[in-house]
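Q: Required output: the full structure, derived from the provided sequences and hints.
So the chains spell out like this:
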Amino acid sequence: AQSVTQPDIHITVSEGASLELRCNYSYGATPYLFWYVQSPGQGLQLLLKYFSGDTLVQGIKGFEAEFKRSQSSFNLRKPSVHWSDAAEYFCAVANTGGFKTIFGAGTRLFVKA
Amino acid sequence: DAGITQSPRHKVTETGTPVTLRCHQTENHRYMYWYRQDPGHGLRLIHYSYGVKDTDKGEVSDGYSVSRSKTEDFLLTLESATSSQTSVYFCAIRKTGQGNSGELFFGEGSRLTVL
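Same order as they appear, the protein sequences are chains C and V. So that you can map any letter, position 74 of the first sequence is 74 in our numbering, and since no number is skipped, the others follow by simple counting. So that you can map any letter, position 7 of the second sequence is 7 in our numbering, and since no number is skipped, the others follow by simple counting.
A hint or two may mislead.
One side only, chain V facing chain C, incomplete, derived with CB under 10 Å [to be verified]: (1) R44; (2) V52; (3) D56; (4) G102; (5) G109.
In case anyone wonders, no lab produced these hints; they're calculated from the structure. For each residue, glycine too, the CB sits at the ideal point set by N, CA and C.
A: Here you go:
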C-alpha cells in the first residue's frame, strides 16, 4: 500500500519569495504523483502530475515539481509566491494504473506582505 | 467542471441516526471515490467504486457502507452516525482515456455534523 508524508503542517513565506513544499512517498512500484491545491471552502484542484518521462514537471499557476526516485520525494516549487497562492496544498500518490489515490496531511501556506 | 454534484451540501444530525450522502456525475466515468477531510489528516479514502456494484474499501471504511447501482450515482451511508464522523466529505471521479493519468476531479464537499 502506498503512503504520503508532508513534513510541514504550515509554512509562511513573504510575497515574492521562493517556495518549496516537501513531499515524501512510499510505494513499491512506479507511482503516479500529484499535487493538489485547496482554497478555503473549496474542493481540490490539480496543480500538476507525474507518471512517467521527464522528472521535472510543470503545472498551472507557475508551479513545478521534481520527482526524485532515489529520495522518494516529489517536492513542489514556485520561484516567486503571490498572495493568491495562500491555500492548503496536498501531495498525493496513486498506485500503478492510478485507480487508488492516497493523500498526505497537507501543508497550509501563508503569504505575508 | 467535471459534472459532479454532492447532496446534501450541509447536514446536522444526531448520534445514532442513519445518514446517506449522494454523489452524482453526469459523464459516466467508471471510477468514483468518497474521501473525508479532517484537520491534520488531509483527505482519507473511505471507499471507492470501479463500476456498477463493484466497490472496495479504503483507509477508513469502518462505520461506512457504499452502493453503486447506477454508473452516475455513488452513495455513502453511515448506518449509525457517531460524533467521530463529523467531517467534510468529498466525492471524486477519475477520468480515463487519453490525456488522463489518474488525476481526480472533486465535488464541492458535504459538511456533516453529528451531535
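Q: At a threshold of 10 Å, is the proposed contact between D56 of chain V and chain C supported by beta-carbon distances?
A: holds, 8 Å
Q: Please verify that hint: V52 of chain V, Cβ, nearest Cβ of chain C, below 10 Å or not.
A: Status violated, d = 16 Å.
Q: Holds or violated: R44 of chain V as interface residue toward chain C, Cβ cutoff 10 Å?
A: Holds, because the Cβ-Cβ distance from R44 of chain V to chain C comes to roughly 7 Å (cut-off 10 Å).
Q: Given G109 of chain V as an interface hint, is its Cβ closer than 10 Å to any Cβ of chain C?
A: Hint holds; G109 of chain V Cβ to chain C Cβ min 6 Å, cut 10 Å.
Q: Restraint: G102 of chain V near chain C, CB-CB cut 10 Å. Satisfied or not?
A: This hint holds: G102 of chain V lies near chain C, its Cβ roughly 2 Å from the closest one there, short of 10 Å.
In terms of the numbered hints stated before, the structure departs from hint 2 and from no other.
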